[in-house]
Amino acid sequence: MSAPSYGLIATFNTAPELYHAAEQVRDAGYRNWDCITPFPVHGLDKAMGLKRSIVPRISLAGGITGFCTGMTMIWWTGAVDYKLIVGGKPYFSPMFAFPVSYELTILFTAFATIIGMFVLNGLPMHYHPVLKYDQIRKGMDDTFFIVIEARDPRFNLANTKALLEKAGGKAIAELEP
Amino acid sequence: MSSPAATAPAAFPAESAAAPAATKALVIGAVGIALTLVGLLVSGTKVVAYSWLVGMTFWTAIAIGMLMLCLIHHIFDASWSTVIRRQFEHGLSAFKWLALLFLPLAITPFLGHNADLVWPWMDLTNEIHGGHTVGHDPLYLKKSAFLNSNAFLIGTFGSFLLWMWLAARLRKASFTQDKDGDLKWTFMNRKTAAFGLPIGAFSLTAIAIFWVKSLEYHWFSTMYGVWFFANCVRGALSVGVIIMVWLAARGDYKGILNKNHYHSIGMLMLAFTVFWAYVTFSQYFLIWNANVPEETFWYNLRELNHDGSTNQWWYVGLALLFGHFFLPFFFLLSYRFKVTPHIIRRIAFWILGVILLDMCYNILPAMKDSHEDSLPFLSLNLVWTLTSVVGVGGICVWSYLRSFPTAKLIPIRDPRIGESLTHHE
Chain A
1 MSAPSYGLIA TFNTAPELYH AAEQVRDAGY RNWDCITPFP VHGLDKAMGL
51 KRSIVPRISL AGGITGFCTG MTMIWWTGAV DYKLIVGGKP YFSPMFAFPV
101 SYELTILFTA FATIIGMFVL NGLPMHYHPV LKYDQIRKGM DDTFFIVIEA
151 RDPRFNLANT KALLEKAGGK AIAELEP
Chain B
178 MSSPAATAPA AFPAESAAAP AATKALVIGA VGIALTLVGL LVSGTKVVAY
228 SWLVGMTFWT AIAIGMLMLC LIHHIFDASW STVIRRQFEH GLSAFKWLAL
278 LFLPLAITPF LGHNADLVWP WMDLTNEIHG GHTVGHDPLY LKKSAFLNSN
328 AFLIGTFGSF LLWMWLAARL RKASFTQDKD GDLKWTFMNR KTAAFGLPIG
378 AFSLTAIAIF WVKSLEYHWF STMYGVWFFA NCVRGALSVG VIIMVWLAAR
428 GDYKGILNKN HYHSIGMLML AFTVFWAYVT FSQYFLIWNA NVPEETFWYN
478 LRELNHDGST NQWWYVGLAL LFGHFFLPFF FLLSYRFKVT PHIIRRIAFW
528 ILGVILLDMC YNILPAMKDS HEDSLPFLSL NLVWTLTSVV GVGGICVWSY
578 LRSFPTAKLI PIRDPRIGES LTHHE
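Quick mapping for you: the protein sequence lines, in order, are chains A and B.
For the first sequence, this note's numbering begins at 1 and goes up steadily by one.
For the second sequence, this note's numbering begins at 178 and goes up steadily by one.
Be aware that one or more of the hints could be misleading.
As the list claims (entries may be wrong) - Computed list of chain B residues with no C-beta within reach of chain A, every gap over 12 Å:
{"no.": "1", "residue": "A211"}
{"no.": "2", "residue": "T222"}
{"no.": "3", "residue": "H290"}
{"no.": "4", "residue": "L360"}
{"no.": "5", "residue": "L445"}
{"no.": "6", "residue": "D484"}
{"no.": "7", "residue": "D546"}
Claimed, not checked - Straight-line Cα separation of at most 25 Å, BS3-like style, residue types lysine-lysine; simulated pairs:
{"no.": "8", "chain 1": "A", "residue 1": "K46", "chain 2": "B", "residue 2": "K436"}
{"no.": "9", "chain 1": "B", "residue 1": "K585", "chain 2": "B", "residue 2": "K201"}
{"no.": "10", "chain 1": "B", "residue 1": "K436", "chain 2": "A", "residue 2": "K51"}
{"no.": "11", "chain 1": "B", "residue 1": "K545", "chain 2": "B", "residue 2": "K320"}
{"no.": "12", "chain 1": "A", "residue 1": "K46", "chain 2": "B", "residue 2": "K431"}
{"no.": "13", "chain 1": "B", "residue 1": "K361", "chain 2": "B", "residue 2": "K349"}
{"no.": "14", "chain 1": "A", "residue 1": "K46", "chain 2": "A", "residue 2": "K170"}
{"no.": "15", "chain 1": "B", "residue 1": "K349", "chain 2": "B", "residue 2": "K368"}
{"no.": "16", "chain 1": "B", "residue 1": "K273", "chain 2": "B", "residue 2": "K585"}
Stated by the list, open to error - FRET-style restraints, in silico, Cβ to Cβ:
{"no.": "17", "chain 1": "A", "residue 1": "P16", "chain 2": "B", "residue 2": "I252", "range": "27 to 37 Å"}
{"no.": "18", "chain 1": "A", "residue 1": "K51", "chain 2": "B", "residue 2": "F334", "range": "36 to 46 Å"}
{"no.": "19", "chain 1": "B", "residue 1": "K431", "chain 2": "A", "residue 2": "R26", "range": "19 to 29 Å"}
{"no.": "20", "chain 1": "A", "residue 1": "H126", "chain 2": "B", "residue 2": "G428", "range": "20 to 30 Å"}
{"no.": "21", "chain 1": "B", "residue 1": "A448", "chain 2": "A", "residue 2": "E23", "range": "32 to 42 Å"}
{"no.": "22", "chain 1": "B", "residue 1": "G289", "chain 2": "A", "residue 2": "M73", "range": "40 to 50 Å"}
{"no.": "23", "chain 1": "B", "residue 1": "K431", "chain 2": "A", "residue 2": "K46", "range": "41 to 51 Å"}
{"no.": "24", "chain 1": "B", "residue 1": "H601", "chain 2": "A", "residue 2": "H126", "range": "49 to 59 Å"}
{"no.": "25", "chain 1": "B", "residue 1": "H483", "chain 2": "A", "residue 2": "K51", "range": "54 to 64 Å"}
{"no.": "26", "chain 1": "A", "residue 1": "T77", "chain 2": "B", "residue 2": "V208", "range": "54 to 64 Å"}
{"no.": "27", "chain 1": "A", "residue 1": "I114", "chain 2": "B", "residue 2": "V451", "range": "16 to 26 Å"}
{"no.": "28", "chain 1": "B", "residue 1": "R367", "chain 2": "A", "residue 2": "T72", "range": "44 to 54 Å"}
Derived from the structure by calculation, the hints contain no laboratory data.
Beta carbons: idealized from backbone N, C-alpha and C, even for Gly.
Put together the whole structure using the sequences plus the hints.
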């Protein structure tokens, strides 16, 4: 292998071509690769063999944290730190702690979802090697790409190139790191 | 502007197979009604009238929910729900039978000194707690413009007529479009939805107040119609899921439903679970926080006896808190549970059960003993409630199954049918 490249990029003209090529790359066992499409392609996640995102679990964890924070905060302020009778109510009751807990559940769920999504996607990302590819702008218009990264354990310049050719990829090129 | 009416590929088994179960449902309904009539002899008129009201409210709520879901589908020009909308349209055929089944309760205003059989304010000479009569009760007099027998009857049957009219418009437009594929039916449905939604919202609120809330006419709650609406839609969605799984298992929906349809209806079920909890908790919380006797008595009746001991309704209330909210909420959070037909069907049956419990909780404690304590939940009376639910339900299911073979399984020429058939695929 010559100077290490970021990986290989192949061009596809239609969504079905890309879809079936993705299935072949998936079946060949690659992990570090991606599809670049100008619009969301329904079912592509399945063709790429992607599992469901774990963001919902992070959201749930955020929600539970928010709920507990609200309950604990109202209990601690009202029943421990500064005991005060308001409206003849007990020092602490889950009733009046509920609106606060509910709001914090929503707030923390939203934070966890956004932060979880950013972290899992590696955002914010100011540079990505495909941006150097001169045809990449077409990927925002009418062209589809598959990028297989060189760090994938199965990556082998000749074999991977052959796979992409077999899958119908055109203008296969190496990407600068 | 929509695309020209699409036609579904001929390969889809769009012809509805005749449902031989209709007769069975009618027999079950008749048996339920007959058993409820036996209850008249065993437990007396009052108990059975209350039980019948529970059965009526439960099934009317589901029918209203189906009506509202159809209207919401059209107002949003929704696509995914097109393949299941037809089942709701069949369900709408039950309104006329529900109106008929309400007649036994509609005669209560004409019972003279027994007019307070179910609704205490219907007999103005009825002596209430504290020694004076309803006719001299300031809290009644202030509300009497709304709470009187004429308004009750007009409100009830006027609402039924409006629902039947809206249902007839929706059904006619949808069924005729199957034959001629004309887009004007889609536009007609959209108009029906635009004026039908406010009509539906007002009428279901009126029904919730007349039928259920006015059982304790001293009480105030501005959340009541919203609470009822939440139950209506949750019930209709649950019945929708049960029908989807049934028709998919029977093969009718083969090649039509994919897991995204289950996912979408499951998400709506989750959303309305939270909605129900939000309004029900708000109602409780505001009354708890303000602590005004005119309002708290409604919950006291459902927690305590006059001697301060806990009554059975306290446990029913807790069962609602955990069974009507927490369990469905955590259950429906799971993607896998939502998209697996036999699993989402479980929670659909569960939700129907807790809606019934919610109706019991709101209606039955208005029946009181000589100490003004609520009659207990677990008693022979519950049997007549269940027979009423089976009786009214049998008729509703029969009406649905009778309508089922009269139209295609799915609206094959709806402009959105193509999108719906390939929902997220």
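Now for the hints, and whether the structure bears them out:
no. : hint                             : result
1   : A211                             : 45 Å, holds
2   : T222                             : 39 Å, holds
3   : H290                             : 42 Å, holds
4   : L360                             : 26 Å, holds
5   : L445                             : 17 Å, holds
6   : D484                             : 23 Å, holds
7   : D546                             : 29 Å, holds
8   : K46(A) with K436(B)              : 13 Å, holds
9   : K585(B) with K201(B)             : 22 Å, holds
10  : K436(B) with K51(A)              : 16 Å, holds
11  : K545(B) with K320(B)             : 23 Å, holds
12  : K46(A) with K431(B)              : 21 Å, holds
13  : K361(B) with K349(B)             : 12 Å, holds
14  : K46(A) with K170(A)              : 23 Å, holds
15  : K349(B) with K368(B)             : 14 Å, holds
16  : K273(B) with K585(B)             : 22 Å, holds
17  : P16(A) with I252(B): 27 to 37 Å  : 35 Å, holds
18  : K51(A) with F334(B): 36 to 46 Å  : 55 Å, violated
19  : K431(B) with R26(A): 19 to 29 Å  : 28 Å, holds
20  : H126(A) with G428(B): 20 to 30 Å : 54 Å, violated
21  : A448(B) with E23(A): 32 to 42 Å  : 35 Å, holds
22  : G289(B) with M73(A): 40 to 50 Å  : 59 Å, violated
23  : K431(B) with K46(A): 41 to 51 Å  : 20 Å, violated
24  : H601(B) with H126(A): 49 to 59 Å : 33 Å, violated
25  : H483(B) with K51(A): 54 to 64 Å  : 59 Å, holds
26  : T77(A) with V208(B): 54 to 64 Å  : 59 Å, holds
27  : I114(A) with V451(B): 16 to 26 Å : 20 Å, holds
28  : R367(B) with T72(A): 44 to 54 Å  : 49 Å, holds
Of the numbered hints stated above, those contradicted by the structure are hints 18, 20, 22, 23 and 24, listed in ascending order.
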